[in-house]
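Peer 1: Listed here are the chains, written in short residue letters.
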Amino acid sequence: MHLDSLYQEIILDHYRNPAGNGLQDKFSGEAFHINTSCGDEVKVRVLVQDATISQMSHVGVGCSISRASASILHDLTKGVSVVEFNRLLDEFVNLMHSQGKMIPDEQILGDAAAFAGVSKYPARVKCALLPWMAMKEAIEGDSRE
Amino acid sequence: MSFDLADSVLDDFPILHRRVRGNQKLVYLDSAATSQKPTEVIEAVSNYYETTNATIHRSGHELGELASAAYESARANVASFVGVESGNLVFTKNATESINLIAYAILNATLLNSKDTNLYRKYALKADDEIWLTEMEHHANLVPWQHLSKVTGAKLKYIAVSEDGELQFDANQITRKAKIIAVTHQSNVLGTINNIAEISKVANLNNALLILDACQSVPHLPTNFAELGVAAAAWSGHKMLGPTGIGLLYLRNDLLTELPPFLFGGNMIENVTFEQSTFRSDNGRFEAGTMNIAQAVGLSAAVDYLKNVGMTKIHGHESALIKYALSELLQMPGIRVLGPRSADNRGGIVSFEVNGVHPHDVSQFLDAKGIAVRAGHHCAWPLHRKIGAVASTRASFYLYNTKQDVTDFLDALSQVRKYFKVV
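Residue numbers (my numbering), protein chains in the order written: chain A, 1 to 145; chain B, 146 to 568.
Warning: the hint list may mix true and false statements.
[What the hints assert, rightly or not] The calculated lysine-lysine pairs, modelled on DSS-like cross-linking and capped at a C-alpha distance of 25 Å, are:
| id | chain 1 | residue 1 | chain 2 | residue 2 |
| --- | --- | --- | --- | --- |
| 1 | B | 548 | B | 170 |
| 2 | A | 120 | B | 170 |
| 3 | A | 43 | B | 295 |
| 4 | B | 566 | B | 295 |
| 5 | B | 531 | A | 120 |
| 6 | B | 548 | A | 120 |
| 7 | A | 126 | B | 295 |
| 8 | B | 566 | A | 101 |
[Claimed, not checked] If you want the footprint, here are the derived chain B segments under chain A, 3+ residues with CB under 8 Å:
| id | stretch |
| --- | --- |
| 9 | 279-289 |
| 10 | 495-507 |
| 11 | 512-521 |
Derived from the structure by calculation, the hints contain no laboratory data. The structure presented is a predicted model; accordingly, all values stated were derived computationally and were not measured. For glycine and all other residues, C-beta sits at the position ideal for the given N, C-alpha and C.
Put together the whole structure using the sequences plus the hints.
Peer 2: Shown next, in the form of structure tokens:
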């Protein structure tokens, strides 16, 4: 079934057991984003120390794609520098806008490579990007960096 | 109960025969968003461009005369379809513009009243006045009124919606302070058909303007605005088999002749000098600039089509479909139906939640099987918050949907929770 390329097992696993779910008390920046077309929401908190992400946490309501994306983002960015995060973000945004034509680099994107199938469904790209964009703002909003 | 209607009209809708998502049959259950178009409508639009196209009301040549006649005969046809005079009907680009037209006209009345004579006093809003809406309004019948309230200071008030999706209308809440009551005829989420006659009585008793959002009623129910006693009604052409780009606004005589214009420019004027302008006193005052002529002509063909089939028959067909869908959905494990649990007072719309699966995932799963439904808040975000749903999935029916369409939808829906492994 074509649908399985969208809903890969990795995505559904993260959806059912999201990592980093629940906001941490210690944080240096936070952001709240809403997907205006469906009302899905996510709040992201980051703790950035010495230009390195030591912790990302999130809460939200949303579809499997947006919730799994937040979970995978949590795993992928732990201990990663802000510079490296921006590189990951660029890579992920490119993948999301590739309309299914880009083969993701699993070495770089890890579990986030599983979202390659999402890029074939324009209406769902926003779902996958929602926590990424919130995290970007949470990092940039951290005035101490 | 008869489901025969769809079989006799299916061949009139070319798009319903195309394949989607690979080579699958299209099951189109999103007519509350927009309806599909019969060949008659598509041909009326292309025929207009091939034989008649010109600007209306201004060109003295033969094509100009023919185009003007086609546009005005479309107006007469649509007006008679909803039981009003042709002179009381205004064409707009969509229902949202129709509602904005009234809201801005009242805003203009308020602004002009404070500077001018008492010309618009009847419509000018003050801080003590009330604008009444219901909790089930579409954003189109909510956001313009929020804006009007913000600028004029008039208070926004809401008629509550009960847990089972019915209006909790209390006539005692409406007093002389109520200047506007803007209500949907049928909810685009819950399917609830509201008792407009009851609200109309109270509105007229208190001299409040009752403005009806008729987007989900005119395409599906026999509707007569004169009988309902409303001051104005807004609806769209594209939900009633017509083209996109054509909206409708019925204005009662007092509003038609007394409200100041919303859009200013060509056609709507009476006389223009460098210093100032005067405006037409008929419905042309609200039709500034070149109108969507081909779309009006297409809509007229849609009205002919609907009249030919018969609105009572269409409503009966949709009632049969919703009765069948509702009885099955109410028994399906993990499904929470929003709105009335009985099909009696419902149009052909059913929205629901699937326990453990987000509406976007539900609709994606159905789409993979060729079934087109809508997921989201359906432009009724406050209503969803009120009934405790982030969003919902909506299936909506029209005259071309077969019983098999509903069966296919129900079969697919019963597999959703297993696919997402929440059972």
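Peer 1: Honestly, which of those hints from before does the structure not fit?
Peer 2: Hint check: 3, 4, 5, 6, 7, 8, 9 fail, others pass.
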